[in-house]
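A.B. asks: These protein sequence lines map, in sequence, to chains A, B and C.
If you read the first sequence in the numbering used here, its first letter stands for residue 1, the second for the next number, and so on.
If you read the second sequence in the numbering used here, its first letter stands for residue 1001, the second for the next number, and so on.
If you read the third sequence in the numbering used here, its first letter stands for residue 2001, the second for the next number, and so on.
Treat the hints as calculated values from the structure; they're not laboratory data.
Among the hints, a few may not be true.
Claimed, not checked - Not the full set, but computed from the structure, chain A residues with beta-carbon under 7 Å of chain B:
hint	residue
1	L90
2	P91
3	L98
4	A101
5	G108
6	F111
7	A276
8	Y279
9	L281
10	G301
Since the structure is predicted, the reported quantities are computational estimates derived from the model, not experimental observations.
The beta-carbon is built from N, C-alpha and C at its ideal position, and this holds for glycine as well.
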Amino acid sequence: MSDALGLWGVPLAVASGAIRVGTPFLFVSIGECLTEKSGRINLGLEGTLVLGAATGYAVSLHSGSPWIGVLAAGLVGALFGALHGYLCKLPRVNDIALGIAMMLLGMGLAFFFGKPYIQPSAPMLPSISLGFWSESPQIRAALEVNALFFVGVACAAALWWAFASTRAGLVVRIVGDSADAARAMGYPVDLVRFLATAAGGFLAGLGGAYLSLYYPGSWNERISSGQGLMAVALVIFAHWSPPRCLVAALLFGGAGALGPALQAVGVSEGYYLFYAAPYVLTLLVMAVTVTPGRQLAGAPGELSVQK
Amino acid sequence: MTEAVAPRAEIAAPARGDLEVRLKRAAEAIVVPLVALLAATALFSVFLLLLGKSPADFFALVAQGAFASWFSLQNTLQRAAPLLLTALCCAIPARLGLVVIGGEGALALGGLAAAAAGIAMTGAGGTTAQLVMVGASLVVGGAWIGLVGALRHWRGINETISSLILSYIAIALMNHFVEGPLKDPASLNKPSTAAIPDVAAIGTIPGTDVHWGLVIGVGLCVVLWVLMSRTTFGFAARIVGGNLRAAQLQGLPVGRLILIASAIGGACAGLAGMIEVAAVHGRANASLVVGYGYTGILVAFLARHNPLAVIPVAILFGGIVASGGLIQRRMGLPDATILVLEGIVFVAILVSDTLYGRWRIFQPRATAP
Amino acid sequence: MSSQWTPGRRAVVKGLGAAALTAGIGVSARRAHAADLVVGFIYVGPKDDYGYNQAHAEGAAACKSMAGVKLVEEENVAETLDVQKTMESMINLDKATLLFPTSFGYFDPHMLKVAEKYPKIQFRHAGGLWNEGKHPKNTGSYFGYIGMGQYLNGIVAGHTTKSKKLGFVAAKPIPQVLLNINSFTMGARAVDPAIRTQVIFTGEWSLPVKEAEATNTLADQGIDVVTCHVDGPKVVVETAERRGMMTCGYHANQAKLAPKGYLTGAEWNWANVYKSFIEAAQKGAPFGNFVRGGLAEGFIKTSPYGPAVGETARKHADSVKAEIMKGGYAVIKGPLKDNKGKDLIAAGTAYVETAIELESMNYLVEGVIGSI
Chain A
1 MSDALGLWGV
11 PLAVASGAIR
21 VGTPFLFVSI
31 GECLTEKSGR
41 INLGLEGTLV
51 LGAATGYAVS
61 LHSGSPWIGV
71 LAAGLVGALF
81 GALHGYLCKL
91 PRVNDIALGI
101 AMMLLGMGLA
111 FFFGKPYIQP
121 SAPMLPSISL
131 GFWSESPQIR
141 AALEVNALFF
151 VGVACAAALW
161 WAFASTRAGL
171 VVRIVGDSAD
181 AARAMGYPVD
191 LVRFLATAAG
201 GFLAGLGGAY
211 LSLYYPGSWN
221 ERISSGQGLM
231 AVALVIFAHW
241 SPPRCLVAAL
251 LFGGAGALGP
261 ALQAVGVSEG
271 YYLFYAAPYV
281 LTLLVMAVTV
291 TPGRQLAGAP
301 GELSVQK
Chain B
1001 MTEAVAPRAE
1011 IAAPARGDLE
1021 VRLKRAAEAI
1031 VVPLVALLAA
1041 TALFSVFLLL
1051 LGKSPADFFA
1061 LVAQGAFASW
1071 FSLQNTLQRA
1081 APLLLTALCC
1091 AIPARLGLVV
1101 IGGEGALALG
1111 GLAAAAAGIA
1121 MTGAGGTTAQ
1131 LVMVGASLVV
1141 GGAWIGLVGA
1151 LRHWRGINET
1161 ISSLILSYIA
1171 IALMNHFVEG
1181 PLKDPASLNK
1191 PSTAAIPDVA
1201 AIGTIPGTDV
1211 HWGLVIGVGL
1221 CVVLWVLMSR
1231 TTFGFAARIV
1241 GGNLRAAQLQ
1251 GLPVGRLILI
1261 ASAIGGACAG
1271 LAGMIEVAAV
1281 HGRANASLVV
1291 GYGYTGILVA
1301 FLARHNPLAV
1311 IPVAILFGGI
1321 VASGGLIQRR
1331 MGLPDATILV
1341 LEGIVFVAIL
1351 VSDTLYGRWR
1361 IFQPRATAP
Chain C
2001 MSSQWTPGRR
2011 AVVKGLGAAA
2021 LTAGIGVSAR
2031 RAHAADLVVG
2041 FIYVGPKDDY
2051 GYNQAHAEGA
2061 AACKSMAGVK
2071 LVEEENVAET
2081 LDVQKTMESM
2091 INLDKATLLF
2101 PTSFGYFDPH
2111 MLKVAEKYPK
2121 IQFRHAGGLW
2131 NEGKHPKNTG
2141 SYFGYIGMGQ
2151 YLNGIVAGHT
2161 TKSKKLGFVA
2171 AKPIPQVLLN
2181 INSFTMGARA
2191 VDPAIRTQVI
2201 FTGEWSLPVK
2211 EAEATNTLAD
2221 QGIDVVTCHV
2231 DGPKVVVETA
2241 ERRGMMTCGY
2251 HANQAKLAPK
2261 GYLTGAEWNW
2271 ANVYKSFIEA
2281 AQKGAPFGNF
2291 VRGGLAEGFI
2301 KTSPYGPAVG
2311 ETARKHADSV
2321 KAEIMKGGYA
2331 VIKGPLKDNK
2341 GKDLIAAGTA
2351 YVETAIELES
2361 MNYLVEGVIG
2371 SI
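Just chain A, same shape as in the assembly (with noise of 0.2 Å):
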């Protein structure tokens, strides 16, 4: 068969089911990585990107246009976000268990929402070619990428420089590291916070956005299947570092699509093992890379899950 691939399939739906699969992992471990460099947790971020989906889906059905859909579930992300900093903020308010409480109150709006746009069909996001010169439907396939998957290495990109280069980037590093610095030296602790904690919720709304105005592209209850949960794991599998964040949902990406391209070459086997496979490897590399009594590298000090 000249069109078919064969084995060659797997790294290539591996390859391209990284870049697919991965792209919402990108989004929330970035706005997380936000957030969790200014020493606050947000564990609610799977809410936020449930609720960013059905709201992108909706706005894309009402305003027809995609893009229009995307903002708007940035603009519900950064709302909620906002909600989680500002009542982070009071004292005695456990940040960790509120992003739990968010998390469902998110997923009971979105769900609640979006129960009348399960079956309508929303205007989609266009992809853009990047295998124009390639004569393999496959590879174009493959090189179909949606303009969010550049957004999102952008904003890594951006966040990478801007911490290591600018002076936002430093405070929010300080107020990350340590309040009490901070304070001393006069920047406002809770309003980096808030405003860290927002800007993360947005970027999780965008990948909110990705899942239903993308891909998979649909909009109903199972559409996420933790992996705004996970991608705050994988922040800390990255230490914390955006591009390390970019090369992380990438391999969660890839990983979510071996199972079923490996199928396709007939390796059935076992297959709930095989979609379990990247989180026991998420636990390995943090239970090899993490010591206890000595802070990793990159990792912001006020942050709850490292005390």
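Model the placement of chains B and C on the given structure of chain A, informed by the hints.
C.D. replies: Below, chains B and C alone, put in the same frame as chain A:
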């Protein structure tokens, strides 16, 4: 956790003199969550009003579907049964300051282990089989969340993240065994393990529809309350939760305490899985994973991780869940309405933590003993 | 709607409280009006999933207009204590006397337990699980031979494919799913024996990302026609359309989702089934305990052909459909080998759609790529 415990002061304080402090603290612990519940109810009512639905109708239906009749009450109690145990999975480690959210996975594996044990005990007496099943579920559930504690103490991995990841792995493992090595070839269209022997099934409390899991759950809540508040273990655990460094300075075996508390929590969730298998399904299959573990987190936080308070809170949530169907059928609201209500309640309860110590009425007088 | 339900909600709530008290003791609910029948439908997922649940909900919706019938419906009900309590709640609080728990996993132990407790209530379950003598008399099964629809899908797909490679996105390797995969493959191979079907199992009944990934993988393998058996085919059909593949639908009509590539589809036609049950209940006529049917009985139907279906394909499929309508048509018949070359069925043996052997299918036939 957020509750600040002042270990040295408490050790030193004579029991007689601080009665007032205790009473005031207890009153605060009841009033603050009630205020939060009222605020959540008000917020949710606004939500309903904005949608043009009547909050009065809604809460009337909740009362109707949850508590107003013998049928509804039994419905509520039955749904509360698994929540009691999954809430303990979160509440017990929380006394040491750990946020464990992996109850769902421990429940799935506990149920699987119980089913496997039950099948292996075919031919044995009912009580023997049940005890072996209970043992299997306790060991597996305890080991699973115990691993979370071990990773936390010896590898420094955050327990929230690791329990979440382990939960995904547990569910995948359960699916693998149910559809692979442990599959009953006769369970064609719904892959399941073989059925446990009939004698091993858990029946209902005489005169009711409610299975004995409720009694087991309530009993464990009481036992663990005694453990956590009336024994040296519980006292040491609270010190760790209040101030880790103080605990270390006092020479407490922090690692062992974390491990034991996590294992106790996991064992509770595992037992919840055993009861689901023995009292509801008769076998293990994917239906074990329906979110009891996650609702349990909610119950634990609302109960402020007090095992005794878990009992009324689990019944309250059992009631809300029990009335969900009625709300869907009568008010035309989607099933996610209950999720929204739960989310608002959860957020309100957590935010109410900020109210502790704010009201002078609950503060001891300046001239304390 | 009966007048019982029209006064203010509060009054109803009060009245029902009293009714529930008596009913809870075990006296089965009496009907509000002699002429009134309350029928309960329970779905495992959302009613508008373009799939399994939607097919049932469409059937239920068709009964709404029947005189003297009130429907109560609940969606997203888990296959656990939840469904037992939903059934009991419908019986006790809504006074339902005929219940349709539609998901497969509702049957054992949930529906059976509740049915034993309420012997005067009728329960009918979608699936083929009911056994005379083993299960209560007030329960029963109804099901359609939808494998025949997948066979017709296969014929149309076989005529349409250029690459001679078809794809099947499946949830779990259970007999119903295997029968569909095999029927689809045999339909295509009746057109051209060189055709192969690649199957990918996602492991869950509803898992959109995996379904999309499986569909993309099939496209990468050069496959040009796909079908599926998951709860909601929306993601598979839409992804296939975007990848320029043709699709055959399943459960419900997904033509709207793929205006270019939708060929035809195997759909349930539950409206007929539900109407006849309800009519029997209203007349007080005996209920069937084991009701099944195929195309001929109107239990299943096929979607209208899409624009991509050629004349030959239409003629071929229509003629086979006419044969099936006559009854006694067998898709699974000897000589038949499985996809590892082992003999399955000897020449001369044929399993018609009603054959009980088909319900324990545990093989993939020759021409299917994949393993279980």
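A.B. asks: It remains to establish, for every hint, whether it holds in the given structure.
C.D. replies: Against the structure, the hints:
no.	hint	in the structure
1	L90	4 Å, holds
2	P91	5 Å, holds
3	L98	5 Å, holds
4	A101	4 Å, holds
5	G108	3 Å, holds
6	F111	3 Å, holds
7	A276	3 Å, holds
8	Y279	5 Å, holds
9	L281	10 Å, violated
10	G301	14 Å, violated
In terms of the numbered hints stated before, the structure departs from hints 9, 10, listed from lowest to highest.
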